[in-house]
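Note that the protein sequences, when read in sequence, are chains A and B. Counting in our numbering, the first sequence runs from 309 upward without gaps. Counting in our numbering, the second sequence runs from 309 upward without gaps.
Just so you know, these hints were derived from the structure itself, not from any lab. Each hint should be verified, as a subset may be incorrect.
Where chains are identical, the list cannot tell them apart; a pair therefore holds if satisfied intra-copy or between any two copies.
Claimed, not checked - With a straight-line Cα cutoff of 25 Å, these simulated SDA-like cross-link-like pairs (lysine to any residue) come out:
hint, residue 1, residue 2
1, Lys-331, Pro-444
2, Lys-343, Arg-377
3, Lys-343, Gly-390
4, Lys-343, Thr-382
5, Lys-343, Glu-321
6, Lys-331, Pro-315
7, Lys-331, Gly-366
8, Lys-331, Thr-344
9, Lys-343, Ser-313
10, Lys-343, Thr-418
11, Lys-343, Gly-395
12, Lys-331, Arg-433
13, Lys-331, Glu-399
14, Lys-343, Met-309
15, Lys-331, Arg-346
16, Lys-343, Gly-312
17, Lys-343, Gly-492
18, Lys-343, Ser-394
19, Lys-331, Arg-491
20, Lys-343, Val-456
21, Lys-331, Asn-432
22, Lys-343, Asp-451
23, Lys-343, Val-458
24, Lys-343, His-378
25, Lys-343, Tyr-369
26, Lys-331, Asp-351
Chain by chain, the residues run as shown.
2 protein chains.
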Amino acid sequence: MPNGSDPWESRGERPIQDFGIFKASEVERRGPHGKTGRFVILDAPDWGVVVPILTRNGARYVLAVRQFRHGSGTVSLEFPGGVVESGEDPERAAARELREETGYTAGRLTLLGDLSPNPAILTNRFRVYLAEDLRPEGDQSLDEHEIVDVREIPEEEFLESLGGPGWDHALMLAAAFLYVRRRG
Amino acid sequence: MPNGSDPWESRGERPIQDFGIFKASEVERRGPHGKTGRFVILDAPDWGVVVPILTRNGARYVLAVRQFRHGSGTVSLEFPGGVVESGEDPERAAARELREETGYTAGRLTLLGDLSPNPAILTNRFRVYLAEDLRPEGDQSLDEHEIVDVREIPEEEFLESLGGPGWDHALMLAAAFLYVRRRG
Numbered sequence: 309m310p311n312g313s314d315p316w317e318s319r320g321e322r323p324i325q326d327f328g329i330f331k332a333s334e335v336e337r338r339g340p341h342g343k344t345g346r347f348v349i350l351d352a353p354d355w356g357v358v359v360p361i362l363t364r365n366g367a368r369y370v371l372a373v374r375q376f377r378h379g380s381g382t383v384s385l386e387f388p389g390g391v392v393e394s395g396e397d398p399e400r401a402a403a404r405e406l407r408e409e410t411g412y413t414a415g416r417l418t419l420l421g422d423l424s425p426n427p428a429i430l431t432n433r434f435r436v437y438l439a440e441d442l443r444p445e446g447d448q449s450l451d452e453h454e455i456v457d458v459r460e461i462p463e464e465e466f467l468e469s470l471g472g473p474g475w476d477h478a479l480m481l482a483a484a485f486l487y488v489r490r491r492g
Numbered sequence: 309m310p311n312g313s314d315p316w317e318s319r320g321e322r323p324i325q326d327f328g329i330f331k332a333s334e335v336e337r338r339g340p341h342g343k344t345g346r347f348v349i350l351d352a353p354d355w356g357v358v359v360p361i362l363t364r365n366g367a368r369y370v371l372a373v374r375q376f377r378h379g380s381g382t383v384s385l386e387f388p389g390g391v392v393e394s395g396e397d398p399e400r401a402a403a404r405e406l407r408e409e410t411g412y413t414a415g416r417l418t419l420l421g422d423l424s425p426n427p428a429i430l431t432n433r434f435r436v437y438l439a440e441d442l443r444p445e446g447d448q449s450l451d452e453h454e455i456v457d458v459r460e461i462p463e464e465e466f467l468e469s470l471g472g473p474g475w476d477h478a479l480m481l482a483a484a485f486l487y488v489r490r491r492g
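Chain A on its own, in the form it takes in the complex (with noise of 0.2 Å):
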């Protein structure tokens, strides 16, 4: 009897259309029912974002940044991240993203997991970090489209309103999972 642990097989894979942020393909797999089906799936470059802590007077504080986000049509608030370069270093891409958005550099960087943004329909992958022994380098260092506020959120505040609204990206509450799990 087929389960759900057996892998498929793939019969192959073709393009349908290159959206610049990701491309779409239609795989053919055959499960192991014996069926042959056809799958659209996206291919997407790897994404990542960073918990940023800032310790004040033995209080922490998660450096956020708000923008509006063009699927959901709303204002968003978030931790900073973005997307890793074609041949570049996971890790860099967060300090990269951390500095251009934020204008702080972390002095240490975690990674707290690597993930799958969502399985059913991307092939790429989500990575979290931890950044702290924050210091303010410099101004932000934005994209043309991007308009990005920094703001200090106490961490208990944060970690309370996440998944209200405008505070509802899934991938964030993701992120937050791993923090706290990590921070115990």
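With the hints as your guide, set chain B onto chain A.
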């Protein structure tokens, strides 16, 4: 000076391609910086997952499902869930997916959160429910290409393993964040 909390103004939208499980569109929007850009977004039906908690002899277990995923090309351990059908109530969809994938029904469903799976590119919502008072009601009832194993995993083992190989679906960690915060 433009800031990240200012919404962008829509200047139009054109469909690009309908892939069945999602549709790609291009939106044109004018930002608070006075510039206009074009952005590719994906319109998908809403998604939902259920965190099903079984209690037996005072111990808690998570009812998880294992299945091959075509984006990652790997087997993934997940909470039961799926797509909200057109016109379907999201809570009914969650109850239906739980029943179809595991054979269990829930005496009580509680909304834990209403998230965006990825506001940068997706327009849809991702709802997370807690399912309690679970009762086995019969066999699974799966679609043609669904092959799903059901596993009962001790809750602490599940929460510690989340994020590791095969347990790395980021949206499931987002659901776990909401569950752990509610459980306390």
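Evaluation of the provided hints:
In the homo-oligomer, the alpha carbons of Lys-331 and Pro-444 never lie at most 25 Å apart, since the shortest distance is 36 Å inside one protomer and 41 Å across protomers. Taking the shortest alpha-carbon separations for Lys-343 and Arg-377, only the inter-copy value of 15 Å comes in at or below 25 Å, while the best intra-copy value is 39 Å. In this homomeric assembly, Lys-343 and Gly-390 come within 25 Å of each other (Cα to Cα) only across copies, at 21 Å, whereas the closest approach inside a single copy is 38 Å. Taking CA atoms no more than 25 Å apart as the test, Lys-343 paired with Thr-382 passes between copies only; the shortest distance there is 18 Å, against 42 Å inside one copy.
In this homomeric assembly, Lys-343 and Glu-321 come within 25 Å of each other (Cα to Cα) only inside a single copy, at 16 Å, whereas the closest approach across copies is 38 Å. For the identical chains of this complex, Lys-331 and Pro-315 are intra-copy neighbours only, at 23 Å inside a copy versus 28 Å across copies, given an alpha-carbon limit of 25 Å. Taking CA atoms no more than 25 Å apart as the test, Lys-331 paired with Gly-366 passes in neither setting, with 46 Å inside one copy and 48 Å between copies. Taking the shortest alpha-carbon separations for Lys-331 and Thr-344, both the intra-copy value of 23 Å and the inter-copy value of 23 Å come in at or below 25 Å.
Taking the shortest Cα distances, Lys-343 and Ser-313 sit within 25 Å of each other inside one copy (16 Å), while across copies they are farther apart (49 Å). When the C-alpha separation of Lys-343 and Thr-418 is checked against a cutoff of 25 Å, the pair qualifies neither within a copy, at 43 Å, nor between copies, at 37 Å. When the C-alpha separation of Lys-343 and Gly-395 is checked against a cutoff of 25 Å, the pair qualifies neither within a copy, at 37 Å, nor between copies, at 31 Å. Taking the shortest alpha-carbon separations for Lys-331 and Arg-433, both the intra-copy value of 15 Å and the inter-copy value of 22 Å come in at or below 25 Å.
Taking CA atoms no more than 25 Å apart as the test, Lys-331 paired with Glu-399 passes inside one copy only; the shortest distance there is 24 Å, against 33 Å between copies. Only within a single protomer do Lys-343 and Met-309 lie at most 25 Å apart by alpha-carbon distance; the minimum there is 13 Å, versus 58 Å between protomers. For the homomeric pair Lys-331 and Arg-346, the shortest alpha-carbon distances inside one copy (16 Å) and between copies (17 Å) are both at most 25 Å. Proximity of Lys-343 and Gly-312 under a CA criterion of 25 Å is satisfied intra-copy only: 14 Å inside one chain copy versus 49 Å between copies.
When the C-alpha separation of Lys-343 and Gly-492 is checked against a cutoff of 25 Å, the pair qualifies neither within a copy, at 46 Å, nor between copies, at 45 Å. Within a single copy, Lys-343 and Ser-394 get their C-alpha atoms no closer than 36 Å, and across copies no closer than 27 Å, so neither meets the 25 Å cut-off. Taking the shortest alpha-carbon separations for Lys-331 and Arg-491, neither the intra-copy value of 37 Å nor the inter-copy value of 40 Å comes in at or below 25 Å. With identical chains, the CA atoms of Lys-343 and Val-456 are at most 25 Å apart between copies only, with a shortest distance of 15 Å across copies and 48 Å within one.
With identical chains, the CA atoms of Lys-331 and Asn-432 are at most 25 Å apart both within one copy (11 Å) and between copies (19 Å). For a Cα distance limit of 25 Å, the shortest separation of Lys-343 from Asp-451 across copies, 13 Å, qualifies, whereas the shortest one inside one copy, 46 Å, does not. In this assembly of identical chains, the alpha carbons of Lys-343 and Val-458 lie at most 25 Å apart only when taken from different copies (21 Å versus 51 Å within one copy). Proximity of Lys-343 and His-378 under a CA criterion of 25 Å is satisfied inter-copy only: 14 Å between copies versus 38 Å inside one chain copy.
Taking CA atoms no more than 25 Å apart as the test, Lys-343 paired with Tyr-369 passes in neither setting, with 52 Å inside one copy and 33 Å between copies. Taking identical chains as interchangeable, the C-alpha atoms of Lys-331 and Asp-351 lie at most 25 Å apart whether they share a chain (5 Å) or sit on different chains (15 Å).
Violated hints, listed in ascending order, are 1, 7, 10, 11, 17, 18, 19, 25; each of the other numbered hints is respected by the structure.
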